[in-house]
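Note that the protein sequences, when read in sequence, are chains L and H. For the first sequence, this note's numbering assigns the number 754 to the last residue and increments by one with no breaks. For the second sequence, this note's numbering assigns the number 621 to the last residue and increments by one with no breaks.
Treat the hints with care, as some may be off.
[Said to hold, decoys possible] Stretches of chain L that chain H covers, calculated by requiring three or more beta carbons in the stretch to come under 8 angstroms of a beta carbon on chain H:
1) 649-656
2) 675-685
[Said to hold, decoys possible] Here are a few chain H residues that face chain L, going by a calculated C-beta distance under 7 angstroms:
3) Gly379
4) Pro418
5) Asn419
6) Gly422
7) Ser424
8) Gln425
9) Ile468
10) Asn469
[To be verified] In silico EDC-like cross-links for lysine to aspartate or glutamate, where the CA-CA straight-line distance does not exceed 20 angstroms:
11) H/Lys429 <-> L/Glu745
12) H/Lys429 <-> L/Asp695
13) H/Lys341 <-> L/Glu715
14) H/Lys537 <-> H/Glu597
15) H/Lys341 <-> L/Glu743
16) H/Lys341 <-> L/Glu745
17) L/Lys669 <-> L/Glu745
18) L/Lys693 <-> H/Glu344
19) H/Lys341 <-> L/Glu747
20) L/Lys692 <-> H/Glu344
Treat the hints as calculated values from the structure; they're not laboratory data. A virtual CB, placed ideally from N, CA and C, is assigned to each residue, including glycine.
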Amino acid sequence: MGKFITALVVAVLGAALAGCGSAMQQTANQQEELLLAAGFAKKPADTPEKMARLRRLPLYEVAVRKKGDQPIYYYADPNYSGSIYLGNEANYQAYRKLLIERNMRTPPVAVTPADMEAEAEWGVLGSR
Amino acid sequence: MKKTTLSTSIALALLTGATAHAADMDALLKRLDELERRMEQAEKRAQQAESQAQQAERRAQQAEAQARQAEAKTLQGQTKTKQAEIQAKQAEIQAQQAEIQAKQAEIQAREVAAQEAAKAKPTGGPEFTFKGYARAGFLTDEEGNGVKGVGPYMTPAGNLGGPIGRLGVEPDKYVEAVFDSKITHESGAYSKYRLMIADGVLTNNDWTADDSDLNVRQLFAELGNLPSFAGSSTFQDAVLWAGKRFDRNNFDIHFFDSDIIFLAGTGAGIYDVKPTENWSTNVTLYARNFGTIEPTNEEVQSYILTANNYVGPWQFMLSGMWAADNADREPIPVTDAAESGVHLMLGYNQPNFYGYSQGFSKTGILYGYGLGAQVKTLGAQGDLTSDAQSVRVYTFGVTPINDSWRIAPAFMAQYSQDYYYKGDQYTWASLNVRLEQPITQNFLMAYEATYQYQDLDTGANVPNLQPNIKTQASGNVFKFTLAPTFNIDTSAGFFQRPALRGLITYMTWSDDLNGFNYGQPPNTDPQTGENTFALTGWTGTDHWLFGLQMETWF
Chain L
627 MGKFITALVV AVLGAALAGC GSAMQQTANQ QEELLLAAGF AKKPADTPEK MARLRRLPLY
687 EVAVRKKGDQ PIYYYADPNY SGSIYLGNEA NYQAYRKLLI ERNMRTPPVA VTPADMEAEA
747 EWGVLGSR
Chain H
68 MKKTTLSTSI ALALLTGATA HAADMDALLK RLDELERRME QAEKRAQQAE SQAQQAERRA
128 QQAEAQARQA EAKTLQGQTK TKQAEIQAKQ AEIQAQQAEI QAKQAEIQAR EVAAQEAAKA
188 KPTGGPEFTF KGYARAGFLT DEEGNGVKGV GPYMTPAGNL GGPIGRLGVE PDKYVEAVFD
248 SKITHESGAY SKYRLMIADG VLTNNDWTAD DSDLNVRQLF AELGNLPSFA GSSTFQDAVL
308 WAGKRFDRNN FDIHFFDSDI IFLAGTGAGI YDVKPTENWS TNVTLYARNF GTIEPTNEEV
368 QSYILTANNY VGPWQFMLSG MWAADNADRE PIPVTDAAES GVHLMLGYNQ PNFYGYSQGF
428 SKTGILYGYG LGAQVKTLGA QGDLTSDAQS VRVYTFGVTP INDSWRIAPA FMAQYSQDYY
488 YKGDQYTWAS LNVRLEQPIT QNFLMAYEAT YQYQDLDTGA NVPNLQPNIK TQASGNVFKF
548 TLAPTFNIDT SAGFFQRPAL RGLITYMTWS DDLNGFNYGQ PPNTDPQTGE NTFALTGWTG
608 TDHWLFGLQM ETWF
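Starting from the given sequences, assemble the full structure and let the hints guide the process.
Written out as structure tokens, the structure is:
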């Protein structure tokens, strides 16, 4: 009984993880299309250092950090495009408008972890 | 030619042209009459046919007209439908735009109001806030009876902090109410006072005074933004506090109902000291009580001094603890009880799901020695040996899979030795996966599966060891729960509350775990004398549970 249940649990988890990857890629592609259409700039994380910092950010959701008095919006995708998408307030509003036009949910904006806010931490990823 | 004209003409011709016999004439006239009659009938039939044809043509024309009208109406309807759809979409977009504008306006209004309030209240009148947590539900077994000894820590490993997934195994009614009053002064400095009361009962009744644990669990004040610290890069953000509290930086694995760190008691501390730009530290001193020393009635008090450090995504926590004369306390089952201890924790917190997808994840390791071997609730357990050691690892996270599914895996494992008795060894590992499947905006299905392994050995140094006392147990526990759930917005993630749930749980476990009770006589069924599964009273190796539950926080 125990072995059967263990095998069942492993099988279910395996199937869930396999389905997870393709669904996430589809979502990422769709989001990135919207971001580019809204005027976000795509910046590849083309060095190991940039990629390491990218993976410390909120992933696959629009997040915000402050640069002076101005917000910088970004969307980090380390797995599929290996890029970060950067936009300003106008780009973000355009992105929201596109979401509304396509009847898509507008999720809340994530916040950059405090330790990543410092320009020294952030700078290597570039800015708008 | 008309029939009368024809018959008359023929008759005249016959009459004028023929002078034959009268009898022949009569016969001829009869035949003429007959012919005329037939012609009249034929003409009638022709007229009827013509009339029918005209009627049919009229009907066809009417049908065609009706068809044209219907077609016209359909076209009109389609056009109207499309127009309505376009109008509805436009209205929807306008409504959404209006909503966004309203929210932006609201945010601006709040900012302005906050600024105005700050200006208008230089002495900062009290800001009152009320926060809370509550769960209330019941569970029943296959026979319709209530349950006891059931919860995330219901397995034998639960004594050591080894949990199973909480969904579908919580029959208790627990409530926390947190009241804060904050006063902000002209200088920007603030003081905050917190009162938290809590209660937990198992009974389903409304009057519960006889069973109630109603209690004040937090009672403290803190001071922040103090002008005395202004200008110091190390202390300018520091917060001072004193009183009885849960440490601000405690955190848990919700799905296990298990804190990773639960530091609480009465004491004082300073938060958010920044020795360098990227290093933040909290230093606290808490006191707790273990019980009394007989016959002097002297109270044994434990003290926990902690430095909790954050550098980037890393957390490093170092605690020392001591409890004078704890070994003299009676009665406790251990000999050579610990009177001091250390505790270390190293954690890595990510704002994403293991650097791979959206969500969050936390991973870490804890180690404790002596009084620190209770690695979760720091300095709260006095019945540990002076050589007790524990090491615990944990990792958990939350991520959406797609719009239809989200997943929250969690893993914890611990090894302890010389814990309650010299020579004992305990290992447990718990893996829990919760899946949620939003079906509609307000209804989702939640699924939870737990696997727990445990290998428990009290060793031979159990006091008053009797032959019927089980000193070893090893085996597995599986738990599966199905929970149809209603909430206000199922797309908002795992932590959207309130949640109103139905619960169906199936549990199965190894028979070897029945009767293990850490060197104490086994729990048994009073009727059959069979060993039971921990404190549940269940014999055998599996059980079903059914129930309902509300859970909320705000």
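Hint validity - H/Gln425 Cβ closer than 7 angstroms to any chain L Cβ
holds (4 angstroms)
Using the nearest Cβ pair, does H/Asn419 come within less than 7 angstroms of chain L?
The hint holds - H/Asn419 has a Cβ within 7 angstroms of chain L, the shortest such distance being about 4 angstroms.
Is it true that the CA of H/Lys341 sits at most 20 angstroms from the CA of L/Glu715?
Violated: H/Lys341 and L/Glu715 sit about 32 angstroms apart, past 20 angstroms.
With a cut-off of 7 angstroms, does the beta carbon of H/Ile468 approach a beta carbon of chain L closely enough for the hint to hold?
Result: holds, 5 angstroms to nearest chain L Cβ.
What's the verdict on H/Lys341 and L/Glu745, does the C-alpha distance respect the 20 angstroms limit or exceed it?
holds (18 angstroms)
Please work out if L/Lys669 and L/Glu745 have their alpha carbons no farther apart than 20 angstroms.
This hinted pair holds, its Cα atoms lying about 17 angstroms apart.
Taking only the CA atoms, is the gap from H/Lys341 to L/Glu743 under or equal to 20 angstroms?
holds (16 angstroms)
With a cut-off of 7 angstroms on the beta carbons, see whether H/Pro418 makes it to chain L.
holds (5 angstroms)
Hinted pair H/Lys537 and H/Glu597, Cα distance within 20 angstroms:
Judged against 20 angstroms, a Cα distance of about 13 angstroms means the pair holds.
With the threshold set at 20 angstroms, check whether the alpha-carbon distance from H/Lys429 to L/Glu745 stays at or below it.
With Cα atoms ~25 angstroms apart, H/Lys429 and L/Glu745 exceed 20 angstroms; violated.
Under the criterion that the straight-line Cα-Cα distance not exceed 20 angstroms, is the pair L/Lys693, H/Glu344 satisfied?
Holds: L/Lys693 and H/Glu344 sit about 18 angstroms apart, inside 20 angstroms.
Given as covered by chain H, does the stretch 675-685 of chain L meet the bar of three residues or more with CB within less than 8 angstroms?
holds (count 5)
Violated hints for the displayed structure, listed by number in ascending order: 11, 12 and 13.
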